[in-house]
Amino acid sequence: MARARTSVRDTASESFDERTLLVRALGELVDALGAALPPGSEMLVHDLAKLPNSVVAIHGDLTHRRIGDPATDLLLAAARRGDLQTRVGYETRLADGRRLRSSTVIVRGSDGEPLAAVCLNSDLSVWESIHHLSGLMLAPVSLPAPGDDSSADASEELFTSDVDELALHLIERATAASGIPIELMRKKHKIEIVRELESRGFFMLKGAADKAASALRVSRFTIYNYLNEISDGSDAVAEEGTA
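According to this note's numbering, the sequence shown is numbered sequentially starting from 14.
What the hints contain is simulated information worked out from the structure, not anything from laboratory work. Fair warning: this is a prediction, and the values are worked out from it, not measured in the lab. The beta carbon of each residue, even a glycine, is placed where N, CA and C say it ideally should be. Accuracy of the hints is not assured; some may be wrong.
What follows is a set of in silico ranges between Cβ atoms, one per label pair, in the way DEER data are often shown [unchecked claim]:
| id | residue 1 | residue 2 | range |
| --- | --- | --- | --- |
| 1 | R37 | S244 | 47 to 55 Å |
| 2 | G102 | M217 | 36 to 44 Å |
| 3 | R233 | G122 | 34 to 42 Å |
| 4 | K201 | S138 | 39 to 47 Å |
| 5 | E104 | L46 | 18 to 26 Å |
Below, simulated DSSO-like cross-link-like pairs (lysine-lysine); rule was C-alpha separation at most 30 Å, straight line [stated by the list, open to error]:
| id | residue 1 | residue 2 |
| --- | --- | --- |
| 6 | K63 | K219 |
| 7 | K219 | K201 |
| 8 | K200 | K219 |
Turn these sequences into a full structure, and let the hints guide you.
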């Protein structure tokens, strides 16, 4: 049978079959385990070969995503850095402010390369309410003031079902961090924004150069020039300009 073959020419097809079978198995796992999760939970699988639109299986509607929707900004940035690592029990937030407890497990192939990410998100608001009520009954005097918790340190991760929304979020965050209005920016400021966007995997998104050019009020050709300067390090000594 083909399974017993070990020739070099079969390596590519075997690798493809490994990915396909693994992602398929993870999808079945999500369907089975997802049904056993408590309400307010969500389990999904990202096929990392399909970034940015990498969701291939999902159970639950916590973040309102569907198959074919994009990865979060944090997963996209980690993939861009080549730093995909398993993270368990970290805190994130939904757009409406609800706190989530999230875990991301990176699944690797036989060659050690990351193939998929299995993610679990749980809404903490129900448990916070239960904790609050039990605290009122058991130790009302020791209750913290409303809002006095560690949520300020929570990571900000954007869960979106639309690539354009993800791109807009990354652009707005990068430009806001600069603290300089677009119309007052010089070349060095715009290069720093492009550098930040590049580091976060922004240019993996479809039409990214056009979106960045529109936001920074330059041409797409200029964006490519900025990326080239960042890549070869020449932006450090570039003459200042207005574009």
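Hint check results:
As the Cβ distance of R37 to S244 is approximately 37 Å, the hint placing it in 47 to 55 Å is violated. Our hint of 36 to 44 Å for G102 and M217 is violated, since their Cβ atoms are close to 27 Å apart. The hinted window of 34 to 42 Å between R233 and G122 holds, with their beta carbons roughly 36 Å apart. Checked against the given bound of 39 to 47 Å, the beta carbons of K201 and S138, roughly 43 Å apart, stay inside it.
At about 22 Å, the beta-carbon gap between E104 and L46 stays in the expected band of 18 to 26 Å. The hinted pair formed by K63 and K219 meets the criterion: a straight-line CA distance of about 12 Å does not exceed 30 Å. Restraint check for K219 and K201: satisfied, since their Cα atoms lie roughly 25 Å apart, inside the 30 Å limit. Only pairs whose Cα atoms come within 30 Å are accepted, and K200 paired with K219 is accepted, the gap being roughly 24 Å.
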